[in-house]
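4 protein chains.
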Amino acid sequence: MNENELAQIVSRVVQEKLCPAEITEMTLALAKRLAARVEEKAKEMGVNPVVAVSNTGARPVLVECTDDSYIASYDVALNKAYTVVALKMPTKTLKTLAQPNEPLYGIQFTNGGQIVIFGGGVPLVHNGKIIGGLGVSGGSEEQDTALADFGGAVLEEEIKCL
Amino acid sequence: MNENELAQIVSRVVQEKLCPAEITEMTLALAKRLAARVEEKAKEMGVNPVVAVSNTGARPVLVECTDDSYIASYDVALNKAYTVVALKMPTKTLKTLAQPNEPLYGIQFTNGGQIVIFGGGVPLVHNGKIIGGLGVSGGSEEQDTALADFGGAVLEEEIKCL
Amino acid sequence: MNENELAQIVSRVVQEKLCPAEITEMTLALAKRLAARVEEKAKEMGVNPVVAVSNTGARPVLVECTDDSYIASYDVALNKAYTVVALKMPTKTLKTLAQPNEPLYGIQFTNGGQIVIFGGGVPLVHNGKIIGGLGVSGGSEEQDTALADFGGAVLEEEIKCL
Amino acid sequence: MNENELAQIVSRVVQEKLCPAEITEMTLALAKRLAARVEEKAKEMGVNPVVAVSNTGARPVLVECTDDSYIASYDVALNKAYTVVALKMPTKTLKTLAQPNEPLYGIQFTNGGQIVIFGGGVPLVHNGKIIGGLGVSGGSEEQDTALADFGGAVLEEEIKCL
Chain A
1 MNENELAQIV
11 SRVVQEKLCP
21 AEITEMTLAL
31 AKRLAARVEE
41 KAKEMGVNPV
51 VAVSNTGARP
61 VLVECTDDSY
71 IASYDVALNK
81 AYTVVALKMP
91 TKTLKTLAQP
101 NEPLYGIQFT
111 NGGQIVIFGG
121 GVPLVHNGKI
131 IGGLGVSGGS
141 EEQDTALADF
151 GGAVLEEEIK
161 CL
Chain B
1001 MNENELAQIV
1011 SRVVQEKLCP
1021 AEITEMTLAL
1031 AKRLAARVEE
1041 KAKEMGVNPV
1051 VAVSNTGARP
1061 VLVECTDDSY
1071 IASYDVALNK
1081 AYTVVALKMP
1091 TKTLKTLAQP
1101 NEPLYGIQFT
1111 NGGQIVIFGG
1121 GVPLVHNGKI
1131 IGGLGVSGGS
1141 EEQDTALADF
1151 GGAVLEEEIK
1161 CL
Chain C
2001 MNENELAQIV
2011 SRVVQEKLCP
2021 AEITEMTLAL
2031 AKRLAARVEE
2041 KAKEMGVNPV
2051 VAVSNTGARP
2061 VLVECTDDSY
2071 IASYDVALNK
2081 AYTVVALKMP
2091 TKTLKTLAQP
2101 NEPLYGIQFT
2111 NGGQIVIFGG
2121 GVPLVHNGKI
2131 IGGLGVSGGS
2141 EEQDTALADF
2151 GGAVLEEEIK
2161 CL
Chain D
3001 MNENELAQIV
3011 SRVVQEKLCP
3021 AEITEMTLAL
3031 AKRLAARVEE
3041 KAKEMGVNPV
3051 VAVSNTGARP
3061 VLVECTDDSY
3071 IASYDVALNK
3081 AYTVVALKMP
3091 TKTLKTLAQP
3101 NEPLYGIQFT
3111 NGGQIVIFGG
3121 GVPLVHNGKI
3131 IGGLGVSGGS
3141 EEQDTALADF
3151 GGAVLEEEIK
3161 CL
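Chains as they are written, first to last, in this note's numbering: chain A, 1 to 162; chain B, 1001 to 1162; chain C, 2001 to 2162; chain D, 3001 to 3162.
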């Protein structure tokens, strides 16, 4: 067996161990890659966001406040990342449901101020399972929603076998 | 031109560049002058306000409760001064955005009760930068809004290069 | 009756209306004068304090954060001004009573985090009655205690007939 | 010497005066570099920390929860990063001051649960000024303290003039 063959075998074994199928929980490494993508996109859009990533326990894994972001966005981004895992839906979906006279009106009062009912948060879904949540705050609601959707869409690109 | 002369020129150029441009953060002295102006105006209007001034960290610098002001106005004025720096907009602007079916409906629930969504708070802007916030509470919403706007408008008069 | 005589009569009438004996409640004007005295003294000592003054309802009348004061001192000074009126004693007296195994151990847990059990707060007493409270935070405990005691001691000088 | 030459000299002098002296506030880029250093060190020590970095307003800039870190460490690290800026001292210094019968016993109850009184937090000092705070939580107190001290010590290496 030469060096090349050995390298291939090692690569395959590592591949099997780390392959996407196994990723069922957010990691700090993945959260950082995802946040970097969202922040890069935000820069193109001229937005200074706070980006928060949560895990399947709706607990924060990463919060990054870009320079000149809103102080208020820290809580908002964090709470969006909580909301999307805690309620298993994007915050823009919840927005409709939580208006006066709608089915979930009042949900915003029940969880100690952690439920956000406007756009900018998405569950992070891999292989049909929620592995975490993404919360973005700092632009207009449209911008935050676009950035969160963008983050959700590039998740697969960032989940890579090393 | 000798070294001394050069030093003087350098000093002058730096001075011009940095003064009054150098005022980038609220001070207690400036906050007091501003509050005095607002309170004088309030007296003319027959309003007993609480006046709060925050810095760029959205932390309080000064809170003054005029005699016979509402006890509740302490929190309201303080939170207005927080809100305008934390969200970089007047509270009367936020008022519109936070109504049911508007983009930021629900923002009032996400930051531990510190977000105020009616008039009476303005960011204090100098040389295009927010250097703090002003929150006024105690009159009608129109009166508080007028007083906060007045405070924002006289800021430059109160900023003097020492 | 000449101008001089008129001036004297006006002065006496004003005197009678405003005389010390009548002052039973903190005012913003008095709070400002007292805070200025404490801040002047603090400057001599090289301390940057937060100074808070409360009224007989243990509600804040004035909070002033000198430049470079501790962010944490805002809550501490405010809570000292609350504590001294709410419990009618200096915080240095409470310090002893609230230690483990002492009579009031636990008082620090009972009032929503508003009770301060170290020096730097004094009730403001005029004509044998508490008319408000003074809380100072920003130096060592000895310095805060000295500044609060100083404030209590000069209260009478600052209560003047206009 | 013509105008152009003078302008260049002025520019250089200003540059020297302001760089790296101009770094007076934490940035996300610097916070990331610092957190990476602390996490690398933690890995060597076998600790899974939460690392939080705050700015001069004691507001969070970055929070990173390494995989398998304690859920409780999120609040602890964040509050350490708050405490060290809000009180301008390492949390291990505050530990001594906040013991029963010591000058600041009770400080842990006065700021809404944000004051941490054990090791693992340090102010981040550059050119004699606090530019932010570092909070580390996840190991033993000795480990957290060592990691925070390490972060404080490598700050200069991570500050580079752009």
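Simulated from the structure, these hints should not be mistaken for lab results.
Glycine included, each C-beta is placed from N, C-alpha and C at the ideal position.
Don't take each hint at face value.
Pair ranges (Cβ atoms, derived) [what the hints assert, rightly or not]:
#1 C:LYS2043 <-> D:GLY3128: 16 to 22 Å
#2 A:PHE109 <-> B:GLU1040: 37 to 43 Å
#3 C:LYS2160 <-> B:VAL1125: 51 to 57 Å
#4 B:GLY1112 <-> D:GLU3003: 54 to 60 Å
So which of the earlier hints does this model not fit? The structure breaks only hint 3.
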